[in-house]
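2 protein chains.
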Amino acid sequence: MDRILASDIGGTTCKMGVFTPELELLHKWEIPTDTSDGGSRILENIHQSFQSEGGKFGYSREDVIGTGLGVPGPVDFNNGILNGAINLNWTHRKPIAAEFEALSGIRAIVDNDANVAALGEQFKGAGMGHKDVVMVTLGTGVGGGVVSNSLLIHGHGGAAGEIGHLLVDYEQRFQCNCGKKGCLETVASATGMKNLALHYYGDGKDTLLSQEIENGTVSAKMIVEAAQDGDVLGLRVVDEVARYIAIALSHISAVTNPKYFIIGGGVSRAGRILTDRIEHHYRPITFPPAYENTEIVMAELGNDAGIYGAARLVRQYLA
Amino acid sequence: MDRILASDIGGTTCKMGVFTPELELLHKWEIPTDTSDGGSRILENIHQSFQSEGGKFGYSREDVIGTGLGVPGPVDFNNGILNGAINLNWTHRKPIAAEFEALSGIRAIVDNDANVAALGEQFKGAGMGHKDVVMVTLGTGVGGGVVSNSLLIHGHGGAAGEIGHLLVDYEQRFQCNCGKKGCLETVASATGMKNLALHYYGDGKDTLLSQEIENGTVSAKMIVEAAQDGDVLGLRVVDEVARYIAIALSHISAVTNPKYFIIGGGVSRAGRILTDRIEHHYRPITFPPAYENTEIVMAELGNDAGIYGAARLVRQYLA
Chain A
1 MDRILASDIG GTTCKMGVFT PELELLHKWE IPTDTSDGGS RILENIHQSF QSEGGKFGYS
61 REDVIGTGLG VPGPVDFNNG ILNGAINLNW THRKPIAAEF EALSGIRAIV DNDANVAALG
121 EQFKGAGMGH KDVVMVTLGT GVGGGVVSNS LLIHGHGGAA GEIGHLLVDY EQRFQCNCGK
181 KGCLETVASA TGMKNLALHY YGDGKDTLLS QEIENGTVSA KMIVEAAQDG DVLGLRVVDE
241 VARYIAIALS HISAVTNPKY FIIGGGVSRA GRILTDRIEH HYRPITFPPA YENTEIVMAE
301 LGNDAGIYGA ARLVRQYLA
Chain B
1 MDRILASDIG GTTCKMGVFT PELELLHKWE IPTDTSDGGS RILENIHQSF QSEGGKFGYS
61 REDVIGTGLG VPGPVDFNNG ILNGAINLNW THRKPIAAEF EALSGIRAIV DNDANVAALG
121 EQFKGAGMGH KDVVMVTLGT GVGGGVVSNS LLIHGHGGAA GEIGHLLVDY EQRFQCNCGK
181 KGCLETVASA TGMKNLALHY YGDGKDTLLS QEIENGTVSA KMIVEAAQDG DVLGLRVVDE
241 VARYIAIALS HISAVTNPKY FIIGGGVSRA GRILTDRIEH HYRPITFPPA YENTEIVMAE
301 LGNDAGIYGA ARLVRQYLA
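Chains as they are written, first to last, in full-length UniProt numbering: chain A, 1 to 319; chain B, 1 to 319.
No lab work stands behind these hints, which were simulated from the structure alone.
Among the clues, some could well be false.
Copies of one chain are not kept apart here, so a pair can be met inside one copy or by any two copies together.
BS3-like cross-link-like pairs, simulated, lysine-lysine; straight-line CA separation at most 27 Å [to be verified]:
#1 Lys56 with Lys194
#2 Lys259 with Lys131
#3 Lys181 with Lys131
#4 Lys194 with Lys181
#5 Lys259 with Lys56
Here the structure is a predicted model, which is why all the values come from computation and not from measurement.
From just these sequences and the hints, can you work out the full model?
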């Protein structure tokens, strides 16, 4: 009765899953992430939870092929080392795979949370198992994951899929956390939407958002709602966000030519009002053979994407 | 005595090679490409040449693991079908792999010439066997090949690596053959250099190129030579070409994060005067983790890159 274990470790909770070797999800649950004492109990808590749930679900250590782990920070994939994760209070390089293997006696594989989510969506979610898929996650920042030939692309330094740092704002108006200007993240994340709303405010048009902008309390959610109510400023910001995303997708198409662009993250809850505008801007600026049959779709697995992808890594590299 | 055969089919000659299973090149030669009668004899001539050379080199059909073929046109890689090649007078879809297998009784694998050259440089040339490498070929057009996880990326429609059609000229001044404007090919190919020279000519500065520009006979080679002689217009054009290439490399870095960018093709003969300027422009606009340890290098295998890559495909997919 072979099993694959998976955990997607976030700053608040760890999503946990038990899979068959065919990657059917048998059980899932969550545990709180204990970030106290420098996050020193996080891996132990995950291991203990897999053990106690294992008792309930009738599997034991000998049944487990491997454990896949998603972590919120940059990962040296080949060596299973996380290069710090602020949200977990892990401030230094941490050999996650080796530490978890030592705790559990089970082989482990580790990747970045954006990557495991992309892999999960690729094989089980909106990617429908197609071998060439790119996920773009629009949240506080903009993350991404590139799957080609059914494998995640990490690149030589693990920076592949850093779609949030594609240069798309040619005027380079807003400062990015990375130290550059003009990155997709400065114009398409939740912060980016605020950047644009403030930038275009005061162009003489009335807007439902003026009070919130004046008070400094405007949020991405408010901007999207204003757009859905037909507000001129809200619509302009959403259209600009979509245009910048379209520039990024155009670049990616000429490099890896994916079948699906999967849009996820909080900003993607804007839904059709956003994806319709991305479509509108994407095709006119893209090399025709590189957009033919390419579809822009919404993520489907929500919070389960990470555990699916982490389990898939076990299947690809440890089974 | 196992052998791998490879041919890189060009409009003038076919490069031919015989390799060991470890991909050591034992023998190479060329035969003319007979494009008459709709190129109907090209594959037969390649097969015959492998047979007659086989007699000399002491291998027979039973020794051959497979044949790798590079072709100058878009390829449906999974099915071994070429979607036309103007330079060979092949005007329609042509099932190259199946036709060559029928002729030879040996399994065959087919890919685009830019892709096989990239794969050859990746494993045997300037890529030094690193698993993440991108080749950019600057010739009459701009081609490319993306290798990640040691595999060529084709994408769902075979348009991966179409680096010549990355949007880099934000002013979109010059028309591309693809129907769009602003593509890298319009500002970094031999034609692109001429576009820029004509565009910047007449800005009031003296130039060694004025006669040739006025006569309409200026070439990329002349522009590079003028730059090497310190000509203001020549230097400006080379610097602009380098800046546009740098924008493309910046985008690619955030998507697949290669260790090496390998620059090949006729325009690359400009050498250091070009690559120094690419370096100069590339790093300031690129996400730092995505350029760290990335190197921009010149291609090393010249005309042999294609046969090395074609042989490598046999090793990866048929052995």
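> What label fits Lys259 with Lys56 when the C-alpha limit is 27 Å: within, between, both, or neither?
Replying inline: This pair counts as neither: shortest intra-copy Cα distance 41 Å, inter-copy 47 Å.
>> I want to check one pair: Lys194 and Lys181. Are their C-alpha atoms no more than 27 Å apart within a copy, between two copies, both, or neither?
In response: within (16 Å within a copy, 31 Å between copies)
> How would you classify Lys181 and Lys131 at a CA-CA limit of 27 Å: within, between, both, or neither?
Replying inline: neither (33 Å within a copy, 30 Å between copies)
>> If the cut is 27 Å between Cα atoms, do Lys259 and Lys131 qualify within a copy, between copies, both or neither?
In response: both (8 Å within a copy, 23 Å between copies)
> Given identical chains, is Lys56 near Lys194, meaning Cα to Cα at most 27 Å, within a copy, between copies, both, or neither?
Replying inline: For Lys56 and Lys194, neither the intra-copy (47 Å) nor the inter-copy (72 Å) Cα distance is at most 27 Å.
The structure is inconsistent with the numbered hints 1, 3, 5, although it conforms to all the rest.
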